[in-house]
Amino acid sequence: MTMARSMRMLLIAPAIVYLAALTQAPFILTLFYSFQKWILTSPELGVSFIGFENFSYTLFQDTTFRAAVINLVIITAGIVILSLFFGLCLALLLHRPFPGQGLARSLAIAPFFVMPTVNAVVWKNLLLNPVFGFVSYFTTHMGLPRVDILAQFPKLGIITMAVWQWTPFMMLILLAGLQSVPDDIREAAEVDGANAWEEFRNITFPLLGPFIQLSVLLATIYVLQLFGEIFVATQGGPGSATTTLPYYVYETISQGNDVGTSSAQGVCAVILASIIAAFLLRLLARTFQVSKA
Amino acid sequence: MKTPTRVIAFIGASAIVFSAAPVPRAEAQSTTTLTIATVNNPQMVDMQHEVGDFEKSTGIKVNFETLPENTLRQKVTADIATGGGQFDIATVGTYEVPIWAKNKWIVNLDDYFSKLDAKAKADYDLADVLPSIKKGLSYSGSLYAVPFYGESSMTFYNKKLFKAAGLTMPDHPTWDQIVGFAQKLNDPSKNLYGICLRGLPGWGEMGAPMSTVINTFGGQWFDMSWKPTLDSGATKDAITFYIDTIKKYGEPGASSAGFTECETNFTQGKTAIWVDATSASGLITDPKNSPIAADVGFAYSPTKVTPKGSHWLWAWALTVEGSSKHKDEAFKFLTWATSKHYIGLIAADRGWGNVPPGTRLSTFNNANYKKAAPYGNIILQSIQTADPTNATLNKVPYTGVQFVGIPEFQAIGTQVTQNLAAALTGSTTVDAALALSQTQVTRTMQQAGYYK
Amino acid sequence: MTSRLRNAGLTLATYILVLAIFFPILWTLLAGFKTEATAVAQPPVLFFTPTFDNFKDALTNAGYLGFFAHSVIISVGSTLIAFLFGIPAAYALGLFPTDKSAGTLSWVLSTKMMPAVGVIIPLIIIFKGIHLFDSLAGMIILYTAINLPLVIWMMRSFFAEIPKDLIEAARVDGADTMHILWRIAVPFVTPGLAATALLCLIFSWNEFFLVVNLAGPNASTLPVYIAGFMTSEGLFWARMSAASTLAVIPVFIAGWAAQRSLVRGLTMGAVK
Chain X
1 MTMARSMRML LIAPAIVYLA ALTQAPFILT LFYSFQKWIL TSPELGVSFI
51 GFENFSYTLF QDTTFRAAVI NLVIITAGIV ILSLFFGLCL ALLLHRPFPG
101 QGLARSLAIA PFFVMPTVNA VVWKNLLLNP VFGFVSYFTT HMGLPRVDIL
151 AQFPKLGIIT MAVWQWTPFM MLILLAGLQS VPDDIREAAE VDGANAWEEF
201 RNITFPLLGP FIQLSVLLAT IYVLQLFGEI FVATQGGPGS ATTTLPYYVY
251 ETISQGNDVG TSSAQGVCAV ILASIIAAFL LRLLARTFQV SKA
Chain E
1 MKTPTRVIAF IGASAIVFSA APVPRAEAQS TTTLTIATVN NPQMVDMQHE
51 VGDFEKSTGI KVNFETLPEN TLRQKVTADI ATGGGQFDIA TVGTYEVPIW
101 AKNKWIVNLD DYFSKLDAKA KADYDLADVL PSIKKGLSYS GSLYAVPFYG
151 ESSMTFYNKK LFKAAGLTMP DHPTWDQIVG FAQKLNDPSK NLYGICLRGL
201 PGWGEMGAPM STVINTFGGQ WFDMSWKPTL DSGATKDAIT FYIDTIKKYG
251 EPGASSAGFT ECETNFTQGK TAIWVDATSA SGLITDPKNS PIAADVGFAY
301 SPTKVTPKGS HWLWAWALTV EGSSKHKDEA FKFLTWATSK HYIGLIAADR
351 GWGNVPPGTR LSTFNNANYK KAAPYGNIIL QSIQTADPTN ATLNKVPYTG
401 VQFVGIPEFQ AIGTQVTQNL AAALTGSTTV DAALALSQTQ VTRTMQQAGY
451 YK
Chain V
1 MTSRLRNAGL TLATYILVLA IFFPILWTLL AGFKTEATAV AQPPVLFFTP
51 TFDNFKDALT NAGYLGFFAH SVIISVGSTL IAFLFGIPAA YALGLFPTDK
101 SAGTLSWVLS TKMMPAVGVI IPLIIIFKGI HLFDSLAGMI ILYTAINLPL
151 VIWMMRSFFA EIPKDLIEAA RVDGADTMHI LWRIAVPFVT PGLAATALLC
201 LIFSWNEFFL VVNLAGPNAS TLPVYIAGFM TSEGLFWARM SAASTLAVIP
251 VFIAGWAAQR SLVRGLTMGA VK
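Chains as they are written, first to last, in the numbering used here: chain X, 1 to 293; chain E, 1 to 452; chain V, 1 to 272.
Do not rely on the hints blindly, as some may be mistaken.
Claimed, not checked - Okay, the calculated beta carbon distance ranges per label pair:
no., chain 1, residue 1, chain 2, residue 2, range
1, X, Ile28, E, Thr31, 39 to 47 Å
2, E, Asp128, X, Gly46, 38 to 46 Å
3, X, Lys155, V, Asp165, 23 to 31 Å
4, X, Phe49, E, Asn390, 23 to 31 Å
5, X, Ile28, V, Asp53, 48 to 56 Å
6, V, Phe48, E, Lys395, 50 to 58 Å
7, V, Asp165, X, Phe55, 52 to 60 Å
8, X, Lys155, V, Asp53, 35 to 43 Å
Since the hints were made in silico from the structure, they are not lab data. In this text, a Cβ means the ideal position worked out from N, Cα and C, and glycines have one as well.
Could you build the full structure based on these sequences and the hints that come with them?
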């Protein structure tokens, strides 16, 4: 099945032109500033061209930048993998018809509705605070020690908050995908005597392939920008334990008021995200190629 | 959704969109609107409730944009640095005023004060505003902002817990005494902790009380050639003491504990001692918000080697942006919100215990205020003796009591306290954190051109 | 019998899981009805006399309605426009891919790779320069650009699942592209549309950093309203909980509507 080239252009071009017009100009300006020195609160220093200095500092001398990249990869991977797992479980559970399915689904999607910063405030204070939080109340009454998750296991704390929020995202896409799996194929498998696990592994999972790919790819791109939770709950700390690249850029522009360095960091973030996305696409294609065969 | 419905929906949406698009409109006849950037502290909330009084008497409308402190500072800075235009008035602190004045971002208020007629000058009574606060809001001898409320720092303690343990808090405690009390009152098995000190990273969070400890121990952030002095001598002792005290007798979750968390701990009766902003006094003695309102005791901020810099100086102030198109109207608002008349309004509506504290001598001398705020004298003394130009044992090249008055300090203070938070949670040692901080701060100062 | 038990067991497990997931939101909802002191009391207070002060305060003093109106206009507007541009593109890329399609899709995705914090100063400068600063139109235009890649990628996957015979049959019948797209393909992918629309709405509804820096009183949305309750001096959790509950209700309604559409497309049967 083919489509005339002119028709394709007509359908695709508007979107591409719109995107290009709106994203390239800011990006080019950012690129421009990445070669400048501009400190907002020191206007007497002016805006001056300094070549690759911002980049060489960021990439070769800034130890916090390196930590930020590593933290970013760890935290993003943790969130995406765990969200996928729980999202898949939830999607399967909520795909079955049962009384109150609509209500259950709405409740399950709810975490995704909450603003990330509100999510973080609630988790940090009402739940995770070791003195007056709900979780520590629970654990101390079970005989366990009073643990300060955000201080002792900050990455785990951030990942938990974000997984709680992003599982519904995965669930939503996978649920929509499950609805696209024709019932007659599943029924045929049941007739053939396949049990639930076999049916899932051999039929549902491969047919969900495109949607798993989609949800993992999209979630990764979004989670790479994760900011609100870190901003409220840990401010990138303790130390630099939860300082990810977006948060580090935020610190550079809002505390250091340094437009040049933050622009350079932003450009590096784009390069890093591209590498991760390319790697991910290849990994996903290979995983689902195998199972399709 | 069927296609026709979709089309209708789209048309409907477009209609909304394009009707909402800004049409260049002529400036409304005679009603000027002022836009104020402000934080959501209780005193500012009161200001918003009372603004009707201003709008009625001047016919000027006021728009408040309320944001958390750090977000506000970032937004206002970004706005001013890219040409301004968003705000007429900004709520700033004693940290920003001298820096923004130097950058010519805010308006010199001396000119506006001199243009007031004799009655207005007498009514406002600029001389009534505490001199140390005025000093903190000046640059090159001129006033650039008017204080909305001012504060220093002091010691709060739970009288009931002290009595039960047979302890008495002196009026002017030393840090050694405080640690002694904290040790005796610390009882984690009962979810009770000796002392709450800010451990939340941030130049204005942990940085503030910690800097006062550095000062009173005889230390300083920088030497006269702007080299940081964090990892040696009195400064190192002070920082080590601060971190160790929290670790031994302080609240769990310290690395996330800022003003609000410590206030919660204290008012919930989980902490015996709390050293923090004097502005907390109104909140913790309010029975509506504080279960221990009746048991709160007050003392001066602890000292060690010198009383200099042992308690901080901060004021939230209102300033007029240089890019404002309504400077005269803005100045009217400034003088309204910081006038004796305004304080009277709050006293009538919310009681003398809730008036904006720490700005005017007349407030402190008011009999009703003294009754509602018996701790007022400690606050007054503390503010009057907090001198940003003389807060350290040895001479320093900077001003500021609990911060260093340079634009780079935002980043430096946050970075250093961030490193120390890691020491607080035990993932690194204080020594290592300070060594790292030295390197980072030196680099920042080099980049900023203080030295090669 | 075992099948019935198994089903009941699964249903129970589902409910427990879902309620556990919903718990933090429920706790926030309850906190909105407490006083500040009660909200942070330990042991946690389950039974208390509710107060409506926080909700009253949020609705009247903080100006909820203005922010709400902005949020609705910006979120709905940007979602609809993103659909308008994105669905035709997704249709072409999903059902009629060429060698260049992968490249196009990659580029579309790459527009989402720059963190907002890295590009905010240029955005402020540009927006001020073209007079879109602090305007509903400006925010809608920007959010559309942010949602477009999501629409294109998601809908492309759903369009790609449409049986080719369906499209072929319509072409043989002489239908033109627009008719096939809007009258045959789109109704087929209603679950995908619902999911995509909901996600776009949520992202626009909750976006904070861009709107706080690029908007003022004329275009500020609910996230800015909620942030206004956070303070570094004084307790605010009960009030913030009330504010965020008010902000979440419309999204919850949208979510309920969306998940009802997550049923099989009506035309599934038409393939046979």
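E:Thr31 and X:Ile28 - C-beta distance against the hinted 39 to 47 Å: For E:Thr31 against X:Ile28, whose Cβ atoms are near 41 Å apart, the range 39 to 47 Å holds.
48 to 56 Å as the expected CB spacing between V:Asp53 and X:Ile28, which holds or is violated: Given a distance of about 50 Å, which is inside 48 to 56 Å, the answer is holds.
Range hint 35 to 43 Å (beta carbons of X:Lys155 and V:Asp53) holds or violated: 38 Å, holds
Supplied distance hint 23 to 31 Å, evaluated on CB atoms of X:Phe49 and E:Asn390: Violated - the Cβ-Cβ distance for X:Phe49 and E:Asn390, about 42 Å, lies outside 23 to 31 Å.
Outcome of range test on Cβ distance (V:Phe48, E:Lys395; 50 to 58 Å): 56 Å, holds
C-beta pair E:Asp128, X:Gly46: status relative to the range 38 to 46 Å that was hinted: 42 Å, holds
Whether the CB-CB distance between X:Lys155 and V:Asp165 falls inside 23 to 31 Å: The hint (23 to 31 Å, Cβ to Cβ) is violated, given that X:Lys155 and V:Asp165 are roughly 50 Å apart.
Status of the given 52 to 60 Å range, CB of X:Phe55 versus CB of V:Asp165: 54 Å, holds
Going through the hint list in order, the structure does not satisfy hints 3 and 4.
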